[in-house]
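Novice: Sequence:
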Amino acid sequence: MPGLFLGPGNALRPGWRALLFYLATAGAYRLVLGLAPAVPPSVGLCATLLAVSALFLALEDRSLPSLGLRPGAAWARDFALGAAGGCGIILLSALLAYAAGGFHLVRGAGAGALAPGAAFYFLPAFSEELAFRGYLFQRVEWGLGTLGALLLLSVLFSIAHFSNPGMAGPTAVFAAVNIFLAGVVLGLAYLGTRSLALPFGLHLGWNWCQGSLLGFGVSGTEAVGCFAPVPHARAAWLTGGAFGLEGGLACTLVCLLACYILRRHCPVRDPKSPFSKQ
11 MPGLFLGPGN
21 ALRPGWRALL
31 FYLATAGAYR
41 LVLGLAPAVP
51 PSVGLCATLL
61 AVSALFLALE
71 DRSLPSLGLR
81 PGAAWARDFA
91 LGAAGGCGII
101 LLSALLAYAA
111 GGFHLVRGAG
121 AGALAPGAAF
131 YFLPAFSEEL
141 AFRGYLFQRV
151 EWGLGTLGAL
161 LLLSVLFSIA
171 HFSNPGMAGP
181 TAVFAAVNIF
191 LAGVVLGLAY
201 LGTRSLALPF
211 GLHLGWNWCQ
221 GSLLGFGVSG
231 TEAVGCFAPV
241 PHARAAWLTG
251 GAFGLEGGLA
261 CTLVCLLACY
271 ILRRHCPVRD
281 PKSPFSKQ
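Numbers 11 to 288, taken from the working numbering, label the letters of the sequence shown in order.
Be careful, since some hints might not be right.
[As the list claims (entries may be wrong)] So the derived label-pair ranges between C-beta atoms look like this:
hint : residue 1 : residue 2 : range
1    : A121      : S52       : 20 to 26 Å
2    : N20       : G158      : 22 to 28 Å
3    : A94       : A21       : 37 to 43 Å
4    : P126      : R274      : 33 to 39 Å
5    : R40       : L157      : 30 to 36 Å
6    : P175      : R40       : 20 to 26 Å
7    : A125      : A48       : 22 to 28 Å
8    : F15       : A94       : 42 to 48 Å
Hints are computed from structural coordinates only; laboratory data are not their basis.
Fair warning: this is a prediction, and the values are worked out from it, not measured in the lab.
In this text, a Cβ means the ideal position worked out from N, Cα and C, and glycines have one as well.
With the sequences and hints as input, model every part of the structure.
Specialist: Rendered as C-alpha cells:
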C-alpha cells in the first residue's frame, strides 16, 4: 500500500532512491580511497559512480544507457557540440573581462599544455556529470518534477564547490552564483537531449578552455595553460581572480545568456516514465 516509503506498485519512492544512491556512493567512495589509496581520486570517483549507478539501475531492471550513456555517432556529435559550447562560454567571458580592462594575456606553457589538459579534465568532468545529471538528478526529477530537480541539483552543484581554494570574500559570492548558473546550463543541456553527451562536452570544454588554453584557475585550482592571464588591480570581481573566470561578473552574464540560448533552442524533453526500462 502506498505510503511514506512506497509508491504505486509498492515501488520505493524516487526521493528515497536518490537518498540511498547518495549514501551508497559516498560510502563506496570512502571505501575505495581506504582500500586503494594509490588510485587517483578522479579514477576512484568515476569508477564508484559507474558501479553504484549500474547497481541501482539493475535493481530497477535498467542499464547504464538509460542514464543517457549511449555511445554512437549522435552521442559523439552532441559531445563535440558541447565541447565547442563550453569553450565559447569561457572565451566570451574572457573577452568581456578583457574589454573591461580586467586582465591581459602573456605567453604561458605554449601548445604543449593543451593535450595533457584535456586528459587531466576528462574524468573530473565526466564524474561530475554522472553525479549531478545522472541517476541522482533523474530520480529527483521523478519526485520533484523537472524544475525542482534542475534547481535542487544546481544548488547542490554549487555547494559541492564551497570548500574549493579561493572561495572567500566577494569572489565567493560570484563563484557560488556562477557555479549554480553553470549547473542550470548543464542541467538544461541534459534536459534538452536526455543524454549526458552535451553536458559532458560543455563541462569538459569549459574547464579545458579556462585552464589549459587561457591559464585561469579552474574552480579555485591553479592551472598551467597555453597562455597566462595577468589580472589588473582591483578587478577580481570581474575576472574571478585566482578562483578563475567562474568567480567574476563576466561569467555571470555569459551563463545567463547560455541559459537563454539553451532554453530557446534546446527545449526540455519530457522525462521517460518511471516504468520505462529504456
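Novice: Looking back at the hints listed earlier, which ones does the structure fail to meet?
Specialist: none
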